[in-house]
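Sequence order for the protein chains is A and B. Quick note on numbering: the working numbering labels position 326 of the first sequence as 326, and the sequence is numbered without any gaps. Quick note on numbering: the working numbering labels position 125 of the second sequence as 125, and the sequence is numbered without any gaps.
These are calculated hints, taken from the structure and not from any lab test. Warning: the hint list may mix true and false statements.
[Claimed, not checked] In silico SDA-like links for lysine to any residue, alpha-carbon gap of 25 Å or less: (1) A/K52 / B/P335; (2) A/K52 / A/L20; (3) B/K296 / A/E166; (4) B/K296 / A/L20; (5) A/K177 / A/G304; (6) B/K296 / A/A439; (7) A/K177 / B/H333; (8) A/K52 / B/R112; (9) A/K246 / A/V154; (10) A/K52 / B/I297; (11) B/K296 / A/R157; (12) B/K296 / A/D169; (13) A/K246 / A/D303; (14) A/K177 / B/I297; (15) B/K296 / A/A171; (16) A/K246 / A/R217; (17) A/K246 / A/H301; (18) B/K296 / A/V154; (19) B/K296 / A/D82; (20) B/K296 / A/I143; (21) A/K177 / A/Y316; (22) A/K52 / B/W213; (23) A/K177 / A/D161; (24) B/K296 / B/R112; (25) A/K177 / B/A110; (26) A/K52 / B/A233; (27) A/K52 / B/Y293.
[Unchecked claim] Derived CB-CB ranges, DEER-like: (28) B/D220 / A/P160: 53 to 61 Å; (29) B/C9 / A/G410: 22 to 30 Å; (30) A/M1 / B/G152: 19 to 27 Å; (31) B/M1 / A/R317: 24 to 32 Å; (32) A/G43 / B/P187: 53 to 61 Å; (33) B/Y317 / A/L353: 43 to 51 Å.
Glycine included, C-beta positions come from ideal geometry on N, C-alpha and C.
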Amino acid sequence: MDPLDIARWQFGIVTVYHFLFVPITIGLSAIVAGYETAWVRTGHEHWLRLTKFFGKLFLINFAIGVVTGIVQEFQFGMNWSDYSRFVGDIFGAPLAIEGLLAFFLESTFLGLWIFGWDRLPARVHAACIWIVHVGTLLSAYFILAANSWMQHPVGYRFNPDTGRAELHDFAAVLLNKVQLATFPHVVLSAYLTGAGFVVGVAFWSMRRTRDEEDDRRMYLRAVRTGAAVALVAALGVVVSGDVQGKIMTDVQPMKMAAAEGLYDTTDHAPFSLLTIGKLDGSTATNIIEMPGLLSFLGTGHFDGEVQGINQLRAEYRRTYGTDPGAAYYSPGDYTPIVPVTYWSFRLMIGLGLLAAAGAALILLATRRGRAPTGRFWLWLAIAMPLLPVAANSFGWIFTEMGRQPWAVFGLMTTAQAVSPGVGAGTVLTSLLAFTVVYAVLAVIEVRLVLTYIRAGAEPLPEPVGPDDTDRPLAFAY
Amino acid sequence: MELTTVWFCLIAVLWIGYFTLEGFDFGVGMLLPILAHDEVERRVLINTIGPVWDGNEVWLLVAGGATFAAFPEWYATLFSGFYLPLLLILLALIVRGVAFEYRAKGHGVAWRGRWDIAIIVGSWVPAVLWGVAFADIVHGVPIAADGEYVGGFFNLLHPYALLGGLTTALLFLTHGAVFVSLKTDGPIRHEARALAARLGILAAGVTVAFLLWTQLDSGDLASGLLFVGAAVALVAGLVAVGAAREGWAFCGTFVAIALGVAGLFVALFPDVMPTTLADGASLTTTNAAATAYTLKIMTVVAAVFTPLVLLYQSWSYWVFRRRITVEHIPADHAPATAR
């Protein structure tokens, strides 16, 4: 096998795997922080129990998110060294700043939060988890700024002497218009994900505790606060996604064309919900079509013109010459793999909307303290944490695969980015090692999460007396 | 001072932060099967580093990110060239990090035993391999004229590099044993101190041999002075161990590691990765660096935020300053079904 193919698979696997946990971390840290704040302000023990219950689930998820994140930083050097040489001047800065501003904040204050229950005053303790949340947001900002630059490079100059892209305007990189749309979209999706997790878990737990009136009321609070967050977040996801789609149509028209499998430039372009056929421009048969919707998504007008793959391909060939990476990715020059972009785009939108609908249904069904029974509701509780996670993954698959064959749009192809000195066997070793370790960890993680969900929120411990150096720690590993 | 030199110093500082801090939590992990005789004692050891190990590890992430930003050529050559050792380190850090969190989340001898192995192996592997990697960097490796490493895996494992690995492993073991004696009380504290004394003598011998070899191989006056300082600090730390002054002992091993790493970077300068090939190209602070503009931005960010990081990390060490004993370990509340 070609080292490039293996390196691409590796990047895809480790990145998508890492991003299963990231949105839960971002969303759940905010919700846990909210619960602890509610406890500090009201003194109601329900909020404290929810803080600890979801706090444990958060930590199980966070641990795996952190360790898989370490790989992200080093794999650019390992597998994509020519990319690192070419863009290090620009891409390295947000990465380093992410570490300095965000990772230190998250790790230090999470340590304080986990172990500090009896060491810090309640308000300071609650502030620690808020700081962790701010750390996750900062982290998201800088890493998305780096990614947005790959989608739409700005603020740089190509230096023919050094043969690399060099930073010219850092503010332009941080305020890239793609970034300004991507950051809210990703963060709001993360809130939807965290909230979906809370809704699903609390709703399922509530159904089991019909005999314990107090617990039932506690879970109901979690269900309804979670569903409210999910709905607000979902609205934001739709709005920011719409803005993002228009910017994408502007700066990466090929990605939008590939999202619909639109081969010829069309005004009043339709959006298909489903299609059969090969999506190669020859036999595509759209089953359900929404006339004008793609035009609206891309341009804001139902009769706006959306460029097609064939025209764009010709245009790119004129601008950039023959695509050196064509052999690797696509049926033709400068075209991403259309079935992947077509389906991942639909799954992202569809699963996200389903999650929002699920949250709305549960919010309706739990009015006045009701806890609906029946298989449908059981399945919905199980689906609520999974739908947004899957939507996030497909979103990333779409946005990264849709950029192909470019690593940096218009500047460097993925084929040019790969490490020239690393052989196929070496990359394959690491691909297999990471995949096996990640698979094992996934099984363990899911089983732990399920165990802790089944165990439910613990009752509060006996209150302890004044500070005494001999009493056991409030929390220890 | 040139900005490239400033960034060389800053990256040295980040690695010093990483080795002095994660050094002791690696040591604690490596000593888990030696210092702890039962489950409660194992939990005592793990809890001495529980609140801080993750923050310590971030020094590595920032060192990596800063190298990417300030010296992209160095980052690209180093991490693609040292691919397999780095892969082993990453795998070790993955299972180790998860182990700290997950170990306590389940019951049973089998569950906890497996995570203990993850902690122990996950601590030994990087403790040895970082020493190997730094010895290779300082000594030089085959780098072709285009800046690519052309050596393969086994080129990295010559006697000098292996001595480097042994040095970091022994230093971290000693540093960890001293840390345990500083952070615990009762029998573990005394046992850790006695172990630190024994390990320390071994570590001092190996460290002096490695630093001497380094000095003869690639040192200059400044690196020589730093190495002497490191040896003096290490011996002073051991004297403090003998006198049961654990705070001073920890300062001793801390300063010894800091000065030793500083000396390695001084010996390296102005190269960042020298080549051993006659027709190859050494990477230097100038030919591997990012542009002045990037370095300027990074300098401002580092100047503002590094003191802040030091401040709140110090505060977290202050919050958890108390010694931990077996009496402090609460009954565990893990649900019974997690196996």
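Evaluated hints:
{"no.": "1", "hint": "A/K52 / B/P335", "verdict": "holds (14 Å)"}
{"no.": "2", "hint": "A/K52 / A/L20", "verdict": "holds (22 Å)"}
{"no.": "3", "hint": "B/K296 / A/E166", "verdict": "holds (13 Å)"}
{"no.": "4", "hint": "B/K296 / A/L20", "verdict": "violated (36 Å)"}
{"no.": "5", "hint": "A/K177 / A/G304", "verdict": "holds (21 Å)"}
{"no.": "6", "hint": "B/K296 / A/A439", "verdict": "violated (42 Å)"}
{"no.": "7", "hint": "A/K177 / B/H333", "verdict": "violated (49 Å)"}
{"no.": "8", "hint": "A/K52 / B/R112", "verdict": "holds (23 Å)"}
{"no.": "9", "hint": "A/K246 / A/V154", "verdict": "holds (18 Å)"}
{"no.": "10", "hint": "A/K52 / B/I297", "verdict": "violated (41 Å)"}
{"no.": "11", "hint": "B/K296 / A/R157", "verdict": "holds (17 Å)"}
{"no.": "12", "hint": "B/K296 / A/D169", "verdict": "holds (12 Å)"}
{"no.": "13", "hint": "A/K246 / A/D303", "verdict": "holds (14 Å)"}
{"no.": "14", "hint": "A/K177 / B/I297", "verdict": "holds (21 Å)"}
{"no.": "15", "hint": "B/K296 / A/A171", "verdict": "holds (13 Å)"}
{"no.": "16", "hint": "A/K246 / A/R217", "verdict": "violated (44 Å)"}
{"no.": "17", "hint": "A/K246 / A/H301", "verdict": "holds (11 Å)"}
{"no.": "18", "hint": "B/K296 / A/V154", "verdict": "holds (19 Å)"}
{"no.": "19", "hint": "B/K296 / A/D82", "verdict": "holds (24 Å)"}
{"no.": "20", "hint": "B/K296 / A/I143", "verdict": "holds (20 Å)"}
{"no.": "21", "hint": "A/K177 / A/Y316", "verdict": "holds (22 Å)"}
{"no.": "22", "hint": "A/K52 / B/W213", "verdict": "violated (53 Å)"}
{"no.": "23", "hint": "A/K177 / A/D161", "verdict": "violated (29 Å)"}
{"no.": "24", "hint": "B/K296 / B/R112", "verdict": "violated (48 Å)"}
{"no.": "25", "hint": "A/K177 / B/A110", "verdict": "violated (52 Å)"}
{"no.": "26", "hint": "A/K52 / B/A233", "verdict": "violated (44 Å)"}
{"no.": "27", "hint": "A/K52 / B/Y293", "verdict": "violated (46 Å)"}
{"no.": "28", "hint": "B/D220 / A/P160: 53 to 61 Å", "verdict": "violated (37 Å)"}
{"no.": "29", "hint": "B/C9 / A/G410: 22 to 30 Å", "verdict": "violated (37 Å)"}
{"no.": "30", "hint": "A/M1 / B/G152: 19 to 27 Å", "verdict": "holds (20 Å)"}
{"no.": "31", "hint": "B/M1 / A/R317: 24 to 32 Å", "verdict": "violated (49 Å)"}
{"no.": "32", "hint": "A/G43 / B/P187: 53 to 61 Å", "verdict": "violated (42 Å)"}
{"no.": "33", "hint": "B/Y317 / A/L353: 43 to 51 Å", "verdict": "holds (47 Å)"}
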